[in-house]
Amino acid sequence: METITIPGTPKTPTVEMNVDSGIIEIKGRSIPENSIDFYRPVVEWLDNYSNSPASETKVNIQLEYFNTSSSKCILDVFKKLEQVFKRNGEKGVVINWFYEEDDEDMLEAGEDYQSILKIPFKMIEIED
Amino acid sequence: MAFDIEGWYNEIGNGDIIAHHKGAISAELISRVLEHVENELNNREEKSKLRKKVYNVMVESLQNLFHHTENPPENVKLGDIDKKFVIFVLKKETGGEYSFTSGNFVIEKRVKFLKDRLDQINYLTADELKILYQLILNNDEYSDKGGGGLGLVDIAKRTENRYEYSFHNQNNGHYFFCLKILINN
Numbered sequence: 046m047e048t049i050t051i052p053g054t055p056k057t058p059t060v061e062m063n064v065d066s067g068i069i070e071i072k073g074r075s076i077p078e079n080s081i082d083f084y085r086p087v088v089e090w091l092d093n094y095s096n097s098p099a100s101e102t103k104v105n106i107q108l109e110y111f112n113t114s115s116s117k118c119i120l121d122v123f124k125k126l127e128q129v130f131k132r133n134g135e136k137g138v139v140i141n142w143f144y145e146e147d148d149e150d151m152l153e154a155g156e157d158y159q160s161i162l163k164i165p166f167k168m169i170e171i172e173d
Numbered sequence: 191m192a193f194d195i196e197g198w199y200n201e202i203g204n205g206d207i208i209a210h211h212k213g214a215i216s217a218e219l220i221s222r223v224l225e226h227v228e229n230e231l232n233n234r235e236e237k238s239k240l241r242k243k244v245y246n247v248m249v250e251s252l253q254n255l256f257h258h259t260e261n262p263p264e265n266v267k268l269g270d271i272d273k274k275f276v277i278f279v280l281k282k283e284t285g286g287e288y289s290f291t292s293g294n295f296v297i298e299k300r301v302k303f304l305k306d307r308l309d310q311i312n313y314l315t316a317d318e319l320k321i322l323y324q325l326i327l328n329n330d331e332y333s334d335k336g337g338g339g340l341g342l343v344d345i346a347k348r349t350e351n352r353y354e355y356s357f358h359n360q361n362n363g364h365y366f367f368c369l370k371i372l373i374n375n
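Chain order of the listed sequences is A and B. End of the first sequence = 173 in the numbering used here, gap-free, step of one. End of the second sequence = 375 in the numbering used here, gap-free, step of one.
One should not assume that every hint holds.
[Said to hold, decoys possible] Straight-line Cα separation of at most 30 Å, DSSO-like style, residue types lysine-lysine; simulated pairs:
no. : chain 1 : residue 1 : chain 2 : residue 2
1   : B       : Lys212    : A       : Lys163
2   : B       : Lys347    : B       : Lys267
3   : B       : Lys239    : A       : Lys167
4   : A       : Lys72     : B       : Lys267
5   : B       : Lys320    : A       : Lys72
6   : A       : Lys72     : A       : Lys103
7   : A       : Lys103    : A       : Lys124
8   : B       : Lys320    : A       : Lys125
9   : B       : Lys212    : B       : Lys239
10  : A       : Lys167    : B       : Lys347
11  : B       : Lys302    : B       : Lys320
12  : B       : Lys302    : B       : Lys237
13  : B       : Lys320    : A       : Lys163
Since the hints were made in silico from the structure, they are not lab data. Values in this document were obtained by computation on a predicted structure and should not be read as measured data.
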């Protein structure tokens, strides 16, 4: 399996998933009309990755906007990471959820995921 | 008397308009409108929190229209447009808040579903909306249009306002669905 990079567009985020370092990043805007098509390769990659993950997986999610169809796909991404967490334990996976300091809705969105999932989340405020 | 769609559009199109449209909706149109709205809100130096709320409401609303509008029935003439017809207006109200109003065709069997969903959302408290949002987010279901049925709940949760809505019978099993939401500053 290979490291993959998907460049960002005005409606889709930059995605970088490094199989060696275990660093997974999703940054930018996620507002495509069809989120399922966009996230399919990401979820498939994670499905493979969860079989033999790096000793530590660090996930950085830094989204400016995301639509509700992306929110379901992002939950699918996190559910794959939950499998890595089950395999590697607490030190094995951390999700860094970045939000801008005045963006309470984005913080709340991270907390919604946190309440559904059993993976450690770190909420990280970005100052302007 | 039949509902006057053109007259309604003229009526809601008065005031401090940020974006308006009467015609077909496409992914390209949505991109152009979102870019325009973002620039306009920046030029008006609106606070970041309000800019983000308006932008999020626009994304969800326009994509709802894109995925769910029905083509106009044969008895309704709207110039050359016969597919994916929608109306929408984003404007700043005199109190400083923004409003987003839209209109689109729906088939009769969707009317009850939409009424029930909108009445439910309007009835729920902020805490109950949050619970409903999490339940739908985590229900593992995607609609046939690729959406998750979360859009209307998300908008209400963000704006903390109630929807104003109406359905107007256009015959041939079609209704014209008018929807308005306020976004407070």
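Checking against the hints above, which ones are violated?
1, 2, 4, 12
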